[in-house]
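J.: Next come the chains, spelled out residue by residue.
Protein chains: 6
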Amino acid sequence: MGGVVVRNIDRVDLAIVDRLAKSGVATVSEAQARTGCMKPYMRPIYPGARIAGNAVTVSIPPADNWMIHVVVEQCQEGDILVITPTSESDAGYFGDLFATALLKRGVRGLIIEGGCRDVADLQEMGFPVWSKYIRGTGTVKETIGSVNIPIVCAGMAVNPGDVIVADDDGVCVVPHATAAAVRDDSIAREEKEARNRAKFAAGELGLDVYGMREKLKAKGLKYV
Amino acid sequence: MGGVVVRNIDRVDLAIVDRLAKSGVATVSEAQARTGCMKPYMRPIYPGARIAGNAVTVSIPPADNWMIHVVVEQCQEGDILVITPTSESDAGYFGDLFATALLKRGVRGLIIEGGCRDVADLQEMGFPVWSKYIRGTGTVKETIGSVNIPIVCAGMAVNPGDVIVADDDGVCVVPHATAAAVRDDSIAREEKEARNRAKFAAGELGLDVYGMREKLKAKGLKYV
Amino acid sequence: MGGVVVRNIDRVDLAIVDRLAKSGVATVSEAQARTGCMKPYMRPIYPGARIAGNAVTVSIPPADNWMIHVVVEQCQEGDILVITPTSESDAGYFGDLFATALLKRGVRGLIIEGGCRDVADLQEMGFPVWSKYIRGTGTVKETIGSVNIPIVCAGMAVNPGDVIVADDDGVCVVPHATAAAVRDDSIAREEKEARNRAKFAAGELGLDVYGMREKLKAKGLKYV
Amino acid sequence: MGGVVVRNIDRVDLAIVDRLAKSGVATVSEAQARTGCMKPYMRPIYPGARIAGNAVTVSIPPADNWMIHVVVEQCQEGDILVITPTSESDAGYFGDLFATALLKRGVRGLIIEGGCRDVADLQEMGFPVWSKYIRGTGTVKETIGSVNIPIVCAGMAVNPGDVIVADDDGVCVVPHATAAAVRDDSIAREEKEARNRAKFAAGELGLDVYGMREKLKAKGLKYV
Amino acid sequence: MGGVVVRNIDRVDLAIVDRLAKSGVATVSEAQARTGCMKPYMRPIYPGARIAGNAVTVSIPPADNWMIHVVVEQCQEGDILVITPTSESDAGYFGDLFATALLKRGVRGLIIEGGCRDVADLQEMGFPVWSKYIRGTGTVKETIGSVNIPIVCAGMAVNPGDVIVADDDGVCVVPHATAAAVRDDSIAREEKEARNRAKFAAGELGLDVYGMREKLKAKGLKYV
Amino acid sequence: MGGVVVRNIDRVDLAIVDRLAKSGVATVSEAQARTGCMKPYMRPIYPGARIAGNAVTVSIPPADNWMIHVVVEQCQEGDILVITPTSESDAGYFGDLFATALLKRGVRGLIIEGGCRDVADLQEMGFPVWSKYIRGTGTVKETIGSVNIPIVCAGMAVNPGDVIVADDDGVCVVPHATAAAVRDDSIAREEKEARNRAKFAAGELGLDVYGMREKLKAKGLKYV
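Residue numbers (our numbering), protein chains in the order written: chain V, 1 to 224; chain S, 225 to 448; chain U, 449 to 672; chain C, 673 to 896; chain E, 897 to 1120; chain Y, 1121 to 1344.
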C-alpha cells in the first residue's frame, strides 16, 4: 500500500503563531481549558527553547526515516515538523543533516515521538527538538509513509496546519480553527496573571484573591 | 469527607537544617544508613540547586491544586512544600504564581510526586522544584485534601516538620527526631571523606585505605 | 561461588580510541551498520562530555559496590569503566571519591546500568558518567563479583578491551577487533556528510542529492 | 468551561461490526495496512474475550468518573465505551455497578486509558475491559467532560461511531468510513491465511511459498 | 548499623480482618475515602485470590533475603508479610520453600515491592503473592534489615498490625486504629451498592438514582 | 551491508536440555550462581508452559519480520527461537502462521524482545512465547538481519546453541559449555530443597536449619 504526500495545507498566520509562542505552553494549554499538551515524555533535547509554528505532519514507519527526506520539500518558513512512527521506536531518526536542510527552509523545530541524535550539534545550530528518546542508532530507508495527514503524536491528535507551541514545559497543540481565539484568551490570561503575580509578590494570599475561604469551608475543610 | 489543615507543626531549628543542606543528599542518606532517599524519578527541574527545609506536607487529590492555595498560608521561612496526590497524576499542579507567593513567605522549594510547569520561569526566579513530571496541562480546584498530615511521597514517609534535603542527587527525608544526630554524623563523614579524598588523589587505593584485600580473598576473589 | 579479576586485557591503541571519540556516538554507530548503541535510558549526568576509552568491565552484585574498589587497581590511562549489576538496582554505587581515584589513574569516565550520586561534584571535577539512575542512596560492600569478564550493559555485549564511545547521544560499543576499521569508516562518513551538509545548507534536497524520487514513486508514493 | 454531550452519532451496521469481531485485532490491523492498534499497555482485565462494537467516546477529567454516569444514557446495543482522561490517571474509574447498567443497555465492553476495578466481578459478569491500569482507588464526581467528541485513546484517534475491535492482542480502531472495506479485506486475508497455514502445516517454507529467496539474495543475505 | 526485630505487635482481631477480606480492596478503599491502595504495579502472581491479614513488616536490603528467614519465626495465624527493599530490586526474594514454612504458621500471603519466583508452585500450593516483579534470579544472605518497623510499600505507609486486604484489584492498607470502623463502613456500602445494583440491572440510570441531572446542568453540561 | 545465516550450530544433547526444563528457571538460575535470567519484562503470553531448548538466534531489524521466514529453515527438533530487534520495537512480529511452521519442525517456543500477536491462537496451539509486548500491529519485510550470530536478548547474551529454559518465572540462558554441569547442580539442588521443604513443612525454621542465628547476632541483629 502506498503513502500520500499532501502538498497544500492551510497554515495559520504567523502573527498569530508568534504571539502564541510568546505565551508559551502552560498559558496556551490553560486557554484551551487544560487541553492540548502532549504526554510528558516529550522532552526538549536542550533547555531554553520556546517556539511555535504550523504543523507539517508525518506518519512514518518505525525505524525508517525515508519520509523525512520527502517532507523537507513540503516545508516553509514558520513550520514545525511533527512525526510519529506507526509503532513504538526509539531509533535515532533525525540529526544535524536534516536540521541543516530544514533551517534553510525556515523550519523552527521538530516534534518526534521517537528518537533523535546529534543533540549536541542541534543545540549548537539552534534547532530545537522535542523527542521521546535520544539515541545514536540510526534507521533504514525502505518503507514509505504519508505527509500532511492527520496523526496522533504523544497522545494528541495533530492535523496539518494546527499550531504547535513548544518550550521547557513540553509541547501543546492548538487546532487551526481556534488559534486566533486561543491567542486572545492567552493574552487576557497573561494580563490577569500579571495582576495576580503582583498581589502574591506583595504577600496577598490566593485564598483571599480568589475568594476561596467560604467554598473550602462548605466543602468541609477544617483547621485544627 | 472533609480534609484537615494542621496549623501548628514542630519545625527543626534552621541552623540544623542549613547544615544538612550543606552536606547534601548523598552524605545525609549515608549518615542515615542508606535510607531516606525518594525514588529516583524525582528530578530537579533545573540543575544546581541544593536546599534543605522543614517539610510542610499536602495530601492532594489527583489533578486538583486547590489545596496549594490553602497551604501557602501555613508556610514560613525555611519551609519546603511536599505534595503527593492520592493517585497517580502528571498534571501541572504548580507554576510561577504559586512560587511568587511562596518565595514571599520564605519557602525554599517544592517536592511534588506529580507535574510542575512554568519551569523556565521557576529557574529564572530561583525557585527549585523536584517533581516526577513536567507538564503544561493544569488542574481543577474542586476537591479538598489535607495539610500537615503524614504522607508518603515517592516511596518515603514524610511527616510535617521532618527535614527535606534536595539537590542534584534527588530528595532525602530526615526524620524530625534524628535531625541533629544526622547532622553530626554527616559532619563526621565529611571530615573522614576529605581525608580519604586526599589519599585517593595521591594515588592510594581503597583496597589498602580500607584494608579490604584479606576480606576479599576470604570471600573467594581470585586474580588471574 | 567466588569472583574473578582478570588483570591483563588487550586494549585498543589510544590513537584509534581518540579518533573514535572525535567522531562521536551517532557516526560510529552508523559506521557499524546501526549497531552498538546501549539502550536510551543510559543518560549523561551532565551535558557536553564526549569521550572514548578502553572498556574495563565489572559484573557487580545489585546494590553492592565492593568490586569498584577492586577494579580501580586494574585501570590505566584511557580506560572507561563499564559496570552492570546482576539484577536491577537503582542504588548510588558511585560518587566523587571513586572518581578522584580513577582520575588519578587516567580513567575517562564511567558507564553504569545502575545509580550514580554526587553528580554536581562529578560535573565540577569533569568526570563524566552515563547511568540509568541518579540516586543518593548508597550500597553495601558484602558480596564479590568479577572484573574484566564479558558482560551485558544496557542491552549491549561488552568485552574487556572493546572501545566505548559516549556523548550526549548516549553510549556506543565498538568491538576490539573492528575498532580500526570502524574508525576508518567513521572518517569516510564524516567527509561524505560534510559534503552533503554543504549541499543542504545551499538548499538542495535529499530527494535529489540521494536520487530518491524514482524509488519513492516505485514504492507507490503519491503526491496530491 | 462546560462540556458537551452529543446525542446522535452515526453507528456502523452491527452485521459489519460482528464480522470484524470474528476476524480479530491482528487481522483487522493487517487489513488496515498495519494501523489502528492502541498502545500495548492496553490489556484485557481477563483473557479470552473478543468483541467489536460502535465507539461511544468520553473525554473525562483525570480521577473523576462523573461523566460515566452521563454516558450510560447515550449507549445502545452493540456499543463499546472508549474513555480517556485529559491527563494521566491510574484511578479506578469503573467497576461492577457501571457494568451492570451498561450490560442492561447492550454495551459490549469498555476501553479506558486509565484504571479499572472490581475485575473479578467483571470477569464473572462477562463484561470485558481493556485498561491501562487496574487499581482499587476510586474517583470523585466534581468536574464535567464531554461525550461523543473525537478523542485520542492510547495513541489512536477515536471518533464516535468508529468500530472498536478488542481481543487478547489488544485494541484496534476501524474508522467508520472504511469499516465495510476493512471487513472485506479481513475476510480475504483469512482465506489466504488459511491456505498458507495448510502449506506451513505440511512443511512448506515461507521462503518458498512467498518466493523470497531471490529477493533476500539481492539484499545481500549470505549463508555460511 | 544493626537491624531490629520487634517481637510483639498489636494485631487486629481476625473476625474484623476476615470481614474486610470479604469486602475486598475496592470497597475497603472506598470506605477509607479513596485511600489505602498501593501503586498498581503490585499485581497478583495468579488470579482469583482474595485475602486479608495482619501486616508483619520487613525492611529488607535490595537483593538480599536473609531477613525473610528471620521473619518467619515472628509470624502467626492470620498474618500477611509485607516486604520492601531499601532501594529498587527486581530480584526473586521469595519462592516455594519460604511459602511452605509460612503456610505451616498460618500466614495468608505475601506483599513484596520486589521480585518473586516459583510462581507456578506458589499457585499450586495456594500461597498468594502480590509483587512488583516476577523473576527467577535469586538473592544473597549478607546484610540485615528490620522486622516490624514502619515501612513504605508501593506508595503506602504500612505499620505492623495494620490490616492488609488484597485481591485482583491490588493491595489496600487499613490502619490498625480504624479497622473496625472501616469494616462497618464497608458493610454499609455493600448494602447500598446491592440496592443500586438492582436498580441498574432494572434499567434505572445513575443520573436519576443519584439525582445528578441538576448538578450537571449547573456545571454547564450541554446536550446537543 | 548484508546479513548472514549460520547454518551449522553446535546444539546441546536433548537429554540434558529436557532435564533442565524439568528443573525450571529458578533452580537453573540458582545453579548458575544467580545469573542467566532475562529482564522481568519478558513474560509468557499464557501461564503454565515450561520448556527448554537449543537457542537459534535472530538479530532482526525493528518492526521487520522478514528474517523469521529465513530462520524457520534453520530450525530442528528441540530448538527455541530467540529474537532481538536492533532497536526497540513493540510491533507484532510473530503469529500463528509462523507457529504452525515451527511446530512442524519441532520448535518448542519463542523468546522475543519485541511484540507478539495471535496470542489466543498460540495458546490453543500450545506454542508458548515469552515476549516484551503483545501487539496486533504487524511488520514489514524490507530489511535483512542475521541468523545464529551472538545476540543480546532482554539483558542476557545468547549464543546459538546455548540452552534456553523458560517458564512462568521468565527466561534463563544456560551457556552451551556449562549445560551438563548446570543440570547436575540443578539436580543436586532439587534434592537438597526437597529435604528442606520437608523440614519447613514440619515446622522447622530456616534460622535453625541453616544455622543462621549466630551469624545474624554477629551482624548486630537485635530482638526487642
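Certain hints may be false.
Cut-off 25 Å, straight-line C-alpha distance, at most; resulting in silico cross-link-like pairs (BS3-like, lysine-lysine) [as the list claims (entries may be wrong)]:
| # | chain 1 | residue 1 | chain 2 | residue 2 |
| --- | --- | --- | --- | --- |
| 1 | U | Lys667 | C | Lys887 |
| 2 | E | Lys1118 | E | Lys918 |
| 3 | Y | Lys1159 | S | Lys263 |
If we take Cβ atoms under 8 Å as the criterion, some of the chain C residues that face chain Y in the derived model are [unchecked claim]:
| # | residue |
| --- | --- |
| 4 | Tyr718 |
| 5 | Gly875 |
| 6 | Glu886 |
| 7 | Ala890 |
| 8 | Gly892 |
No wet-lab data here; the hints were simulated from the structure. Where a beta carbon is used, it is the ideal one built from N, C-alpha and C, also for glycine.
J.: Now tell me if each hint is right for this structure.
T.: Hints, verified against the model:
1. Distance hint between U:Lys667 and C:Lys887 is fulfilled; the C-alpha atoms sit about 15 Å from each other, no more than 25 Å.
2. A threshold of 25 Å between alpha carbons decides the hint, and for E:Lys1118 with E:Lys918 the separation of about 41 Å lies outside it, so the pair is violated.
3. Distance check on the hinted pair: Y:Lys1159 and S:Lys263 sit about 20 Å apart at the alpha-carbon level, within 25 Å; holds.
4. With its C-beta approaching chain Y no nearer than about 12 Å, C:Tyr718 sits outside the 8 Å limit, and its interface hint is violated.
5. Interface restraint check for C:Gly875: the shortest CB-CB distance to chain Y comes to about 5 Å, inside 8 Å, so the restraint holds.
6. Because the beta carbon of C:Glu886 sits about 13 Å from the nearest beta carbon in chain Y, more than 8 Å, this interface hint is broken.
7. The interface hint given for C:Ala890 is violated, since its Cβ lies 10 Å from the closest Cβ of chain Y, which is over the 8 Å cut-off.
8. A least Cβ separation of about 3 Å between C:Gly892 and chain Y falls short of the 8 Å threshold, and the interface hint therefore holds.
Comparing the model with each numbered hint stated earlier shows that hints 2, 4, 6, 7 do not hold.
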